[in-house]
Amino acid sequence: MITRHYIDFIVVLTQKEMKVRYKSSVLGYFWSIAHPLAFALIFFIAFKIIMKIQMENYALFLITGLFPWQWLANSVNVSPMVFIGNASMVKKVNFSRSALPLVTVLQDGIHFVLSIPVIVLFMFVYHKSPSLSWLYGIPILMGVQFMMTYGVCLVVSTINPFFRDMERLVSLFIMFMFYLTPIIYPESMVPERYKYLLNLNPVAPLMISWRNLFLDGTLDAGLLTISISYSVATFAFGYAVYKRLSWKLAEVL
Amino acid sequence: MSEPAVIFDNISKSYPMYHHFTGGIKNFLFHLPKALKSLRGSRYEALRDISFEVRKGEALGIIGKNGAGKSTTLGLIAGVLKPTKGSIVVRGRTLPLLELGGGFHPELTGRENIMLNGVLLGLLRAEVRKKMDEIIEFSGISEFMDQPIRTYSSGMLARLGFSVIAHLDPEILLIDEILAVGDLEFQQKCIEKMMDFKRNDVTIVFVSHSMGAVEMLCDRVVWIDDNAIRMSGNTKEVVKEFEKAERNAELLRYVKGNL
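Respectively, the protein sequence lines represent chains L and X. Residues in the first sequence are numbered consecutively from 1, following my numbering. Residues in the second sequence are numbered consecutively from 1001, following my numbering.
It should be emphasised that the hints constitute simulated quantities derived from the structure, not laboratory data. There's no promise every hint is true.
Said to hold, decoys possible - Which residues of chain L face chain X? A partial, calculated answer using Cβ under 10 Å:
1. Asp8
2. Lys92
3. Val93
4. Phe95
5. Val241
6. Arg244
7. Lys248
Glycine included, C-beta positions come from ideal geometry on N, C-alpha and C.
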């Protein structure tokens, strides 16, 4: 149930996370941008310079996929520790546990928003400019991604205290998904007979939508519909798992 | 006699042995039938048929050895645990007093942590803001309020934590062994505040190993031994019996050790 206190709780926890992230190092903002940029640089060297992928504006192409991906990957990667890291709180205070993974996803989402200017900067470098459709496209896709990420985080954070192997499975899973999703390569390079598999990957339609939106200012209704379906399903599953297990968290921690 | 604020009616609490799971998927999957069976069969019994009442405005002490089930009892009152059997009635807003620095973040300042803690324990932001000055004043460490609390001593952390609790208007206060920190002056202040709570009809459930503190604060005591109630009633009598049993156990260990 969303009460005024729940909202206040979320706000205070998010403020806390942001402060902690930026307070402890002078270069806080720089680091949260530098990380995906460093990835982009690595892939640029590997694929453009060494393997000579035939693509224009490959650097821009990379970051338009990597930035939204980082939001999802970062949230999911830290979610195994969300409850374990707050064990003393969970064991003693009767607060809404769902707030903790929510705040994780929220703060990575805020970082994603803060990184959009970097994408704009790259667009100018490549003589492109942001499109007006971003004004509705970004909020829509953020909503879809938020729901999907929150769903995954609910599952992972709730199950990990019971099944500690979850942690390792999750980081492997994230790596698999990264390479199976058209982020460092365009979907057009996927061999024809495997193309249908792209739609079976819950994050692929979303990541493709992000890139199309950033690069061409387009938002494909078909891809969007698939993405929304996946994200609603993921969230429903995540919430069901959370509902079933969350009251046992104080026992197992 | 006032109405009860907390009623435990034949409460039992057992946990599944979670190590079957936490031991890892590999273990679990390779021995699936056995694991499932043992999961159902082996449960750890933390409390057995516990019944007691705490009346409104009363201070109840819970004593017993480590692992006897004291903290489980507090968890049940706080509502973070559900009983396996029996029913619990809790009337009023319960507030747990967290252990040193629990619910605090080391990188945030004292002021920011007051906000964090206050909201965690159920206040709205506006309510914490209104009480901020009072809380800081009570803590007696106002000159450190804008520094990150990782620079605080443990005594200062205790001051901060207790000051937040002291201003939350609890109806039922749950205290798990906390008063032993901080300097004498502040301990005195804590005791005074507790007495204040008692006068204001706040119900207190106090878990402690310090018999001195129990005798000072509590009206009645429940002694939990081996996950069941061994004795309950008048503070002096129960504490006396408990200490006697402790001494006997000590003696027995000593004798066994020398045989």
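Tested hints:
no. : hint   : result
1   : Asp8   : holds, 5 Å
2   : Lys92  : holds, 4 Å
3   : Val93  : holds, 6 Å
4   : Phe95  : holds, 6 Å
5   : Val241 : violated, 15 Å
6   : Arg244 : violated, 13 Å
7   : Lys248 : holds, 9 Å
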